[in-house]
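Protein chains in written order, with full-length UniProt numbering: chain A, 1 to 397; chain B, 1 to 259.
Treat the hints with care, as some may be off.
Label pairs and their in silico Cβ distance ranges [unchecked claim]:
| hint | chain 1 | residue 1 | chain 2 | residue 2 | range |
| --- | --- | --- | --- | --- | --- |
| 1 | B | Asp26 | A | Ile368 | 43 to 49 Å |
| 2 | B | Lys126 | A | Ala369 | 46 to 52 Å |
| 3 | A | Asn390 | B | Pro55 | 27 to 33 Å |
| 4 | B | Ile13 | A | Lys17 | 51 to 57 Å |
| 5 | B | Glu3 | A | Thr318 | 45 to 51 Å |
| 6 | B | Lys12 | A | Ile325 | 33 to 39 Å |
| 7 | A | Leu192 | B | Gly31 | 31 to 37 Å |
| 8 | B | Pro27 | A | Thr318 | 39 to 45 Å |
Calculated from the structure, these hints are not laboratory results. In this text, a Cβ means the ideal position worked out from N, Cα and C, and glycines have one as well.
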Amino acid sequence: MWLVFLKEIKELLRDRKTLFFMIALPILVFPAIFGVVTYVSSKAIQKAESEILDYAIVGAEYAPDLVARIAESEEFNLVTAPQNTDIKQWVKEENADFVLVIPENFSNDVLANGQISLTLYLNDSGLNLVQRRLNEIVDAIEEENQQSAFSTLGLNETQQVALIDPVLVEKVNVADQRENWGEKIGGFIPYLVFMLCLQGAMIPATDLGAGEKERGTLETLLISPIARHKLVLGKFMAIALAGVTSAMVTVGSMAIWGIVLSQGMAIELVADFMGSISGMDFLLIFFMLIPVVAIFASVLLSLSIYARSFKEAQGYMTPLVMFTIVPVIMAMLPGVELKGGWAWVPLTNVALAIKELIKGTMDYVQLIAIFGSTALIAGALIAFSVYWFNQEKVLFR
Amino acid sequence: MIEISRLAKKFKIENPKKLSEQEKQDPRLSGKFFKSVEDVSLSCAAGEVLGLLGPNGAGKTTTLRMLSTALKPEAGSITINGVDVLKNPVVARQKIGFLSGATGLYGRLTGRENIAYFGQLHQMTKTQIDDRIAELADLLDLHSFLDRRCENFSTGMKQKTAIARAVVHKPEVVILDEPTTGLDIMASQTVLNFIRGLKSQGVPVIFSTHHLDEVAELCDRVTVINHGRTQFNDDIAAFRALAPGSLNSAFLAALEQGV
Numbered sequence: 001m002w003l004v005f006l007k008e009i010k011e012l013l014r015d016r017k018t019l020f021f022m023i024a025l026p027i028l029v030f031p032a033i034f035g036v037v038t039y040v041s042s043k044a045i046q047k048a049e050s051e052i053l054d055y056a057i058v059g060a061e062y063a064p065d066l067v068a069r070i071a072e073s074e075e076f077n078l079v080t081a082p083q084n085t086d087i088k089q090w091v092k093e094e095n096a097d098f099v100l101v102i103p104e105n106f107s108n109d110v111l112a113n114g115q116i117s118l119t120l121y122l123n124d125s126g127l128n129l130v131q132r133r134l135n136e137i138v139d140a141i142e143e144e145n146q147q148s149a150f151s152t153l154g155l156n157e158t159q160q161v162a163l164i165d166p167v168l169v170e171k172v173n174v175a176d177q178r179e180n181w182g183e184k185i186g187g188f189i190p191y192l193v194f195m196l197c198l199q200g201a202m203i204p205a206t207d208l209g210a211g212e213k214e215r216g217t218l219e220t221l222l223i224s225p226i227a228r229h230k231l232v233l234g235k236f237m238a239i240a241l242a243g244v245t246s247a248m249v250t251v252g253s254m255a256i257w258g259i260v261l262s263q264g265m266a267i268e269l270v271a272d273f274m275g276s277i278s279g280m281d282f283l284l285i286f287f288m289l290i291p292v293v294a295i296f297a298s299v300l301l302s303l304s305i306y307a308r309s310f311k312e313a314q315g316y317m318t319p320l321v322m323f324t325i326v327p328v329i330m331a332m333l334p335g336v337e338l339k340g341g342w343a344w345v346p347l348t349n350v351a352l353a354i355k356e357l358i359k360g361t362m363d364y365v366q367l368i369a370i371f372g373s374t375a376l377i378a379g380a381l382i383a384f385s386v387y388w389f390n391q392e393k394v395l396f397r
Numbered sequence: 001m002i003e004i005s006r007l008a009k010k011f012k013i014e015n016p017k018k019l020s021e022q023e024k025q026d027p028r029l030s031g032k033f034f035k036s037v038e039d040v041s042l043s044c045a046a047g048e049v050l051g052l053l054g055p056n057g058a059g060k061t062t063t064l065r066m067l068s069t070a071l072k073p074e075a076g077s078i079t080i081n082g083v084d085v086l087k088n089p090v091v092a093r094q095k096i097g098f099l100s101g102a103t104g105l106y107g108r109l110t111g112r113e114n115i116a117y118f119g120q121l122h123q124m125t126k127t128q129i130d131d132r133i134a135e136l137a138d139l140l141d142l143h144s145f146l147d148r149r150c151e152n153f154s155t156g157m158k159q160k161t162a163i164a165r166a167v168v169h170k171p172e173v174v175i176l177d178e179p180t181t182g183l184d185i186m187a188s189q190t191v192l193n194f195i196r197g198l199k200s201q202g203v204p205v206i207f208s209t210h211h212l213d214e215v216a217e218l219c220d221r222v223t224v225i226n227h228g229r230t231q232f233n234d235d236i237a238a239f240r241a242l243a244p245g246s247l248n249s250a251f252l253a254a255l256e257q258g259v
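Generate coordinates for the entire structure from the input sequences, incorporating the hints supplied.
Given below as structure tokens:
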């Protein structure tokens, strides 16, 4: 068995294409994607921030103070709108970044005139800072008006605060940081790891089954004096190892580059979160993955040996990805918890258990049941692979 | 000594409606099954070379696959030096060196690694494997490419490596399915010389071929199969006697015998 395993691994390691997809791609591509996205978005924000906005005001005579303050700002540039034009159309045609319409009743006396509403015309579909910049100016005026109204009414500070927000709801989250974040990202991690395992195992699985058939090496291998189950197990282990390696390399690379690139930003949060998950839980997560990978590897091997060629094998494996995605997505849906029926759905229960482990709210007794049932399925599938490898109609199609 | 008697093998046809009119004409088709081999008997003693002849689709490859334990026959018996192949397939495998018709090599391994892998599967020690590879490299003229990866080998290099791989464990009998098909003259001569070498060591060799000149050059016995049945099974002299002067005519005469 180890003989077959070692030979398969040796062959895989010499296959540059497989290695590239398994190792180089996740190591290089993720940082590249991160880098490009960060670069482009920071460029866009920079551009929006440094841009001087063209504006026009209708009804400037009603609020000379506001108009003067806008004019003072270096971030704005006044343009004149032609008389009697359709403002909407004019803004749409990009003659100005925004048009502010001031009503006749504009006044700084809140008590006399009530709420004033300004109308802002702008194209809000893209990234822009119109409202933010304008709010800075309007907020200042708002506060001045509030203050003058308060002093007219003779309210003390407590009354002022109460008037602005009469009832305050204060939230106390009993979930600790770990449970909080675990719930948010805990469903995504098993999804990612499962898919990566499956993808990583797929190329070697194609090669080890259908590849042997296509290259004409299978027959010779079958008549060598090695028990069929050893042959299957050797191949199975090579596929499983490839799947796990690929997933670990990708997750590791994402974690490392994520930390490197988010330096200083949310780093403390990430570190705290990671630190709160015990080594034991990490180990348990890894253990839960073993039967899952075994399921993937045995199914892939069975499909691969049934196929006549690489192409056929890939045709069989594509729907497998879809079948796997469904139970894992289930685990990501809000409201799906490790209770009742869901605890017995294969793959979904493992995904949920991993989520619970990340959250730190796992019932460890249940974990044994889930591990046991998944291992049982894996064992049955491996047995099926061995049976499958003994069928003439599979091997000599 | 190899003895095959009254071997039969049928394959289930998944979808009989899909068969072409021509395929339906084959007498071996019965209901949902295609009787690829119906009644094949042959024997090959130590130091003999047996040529297995027959038109394409006659059942030669199926017969050889059953002999090599890759397929299980429905009926009949196969014995190799007294060992019942059907009852003890794993023991039999150690005695057989088999080269399948469409054989391939692991492209990303070198020729040496390909041969050594099968040596290891036959539980040979490293020294045994090294010695044997050195010996086979001389016999089959492998030295110039033994340590290169197989993916770039020519057909001749591949076939010679595949033969070395098939006999790495010093099998008691050697079975070769069309070993010279597609090879150039030099390469096929190396293969024929190798068979001659086996013969001189007393190893029985069965090989299937379409080249009657190879039969004339090497074979002691000839077996002709057609439509899954043995049509002729005797020594080369009897085969020649079927149609004096030409082996081609003898072959055609052997096919007609059974009709």
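Hints versus structure:
1. B:Asp26 x A:Ile368: 43 to 49 Å: At 59 Å between Cβs, range violated.
2. B:Lys126 x A:Ala369: 46 to 52 Å: With a Cβ separation near 47 Å, B:Lys126 and A:Ala369 satisfy 46 to 52 Å, so the hint holds.
3. A:Asn390 x B:Pro55: 27 to 33 Å: Distance hint for A:Asn390, B:Pro55 holds at roughly 32 Å.
4. B:Ile13 x A:Lys17: 51 to 57 Å: violated, 38 Å
5. B:Glu3 x A:Thr318: 45 to 51 Å: holds, 49 Å
6. B:Lys12 x A:Ile325: 33 to 39 Å: holds, 35 Å
7. A:Leu192 x B:Gly31: 31 to 37 Å: Taking Cβ atoms as reference, A:Leu192 and B:Gly31 lie about 52 Å apart, which means the hint is violated.
8. B:Pro27 x A:Thr318: 39 to 45 Å: Cβ of B:Pro27 to Cβ of A:Thr318: about 42 Å, so the range 39 to 45 Å holds.
Hints 1, 4, 7 from the earlier list are contradicted by this structure; the remaining hints agree with it.
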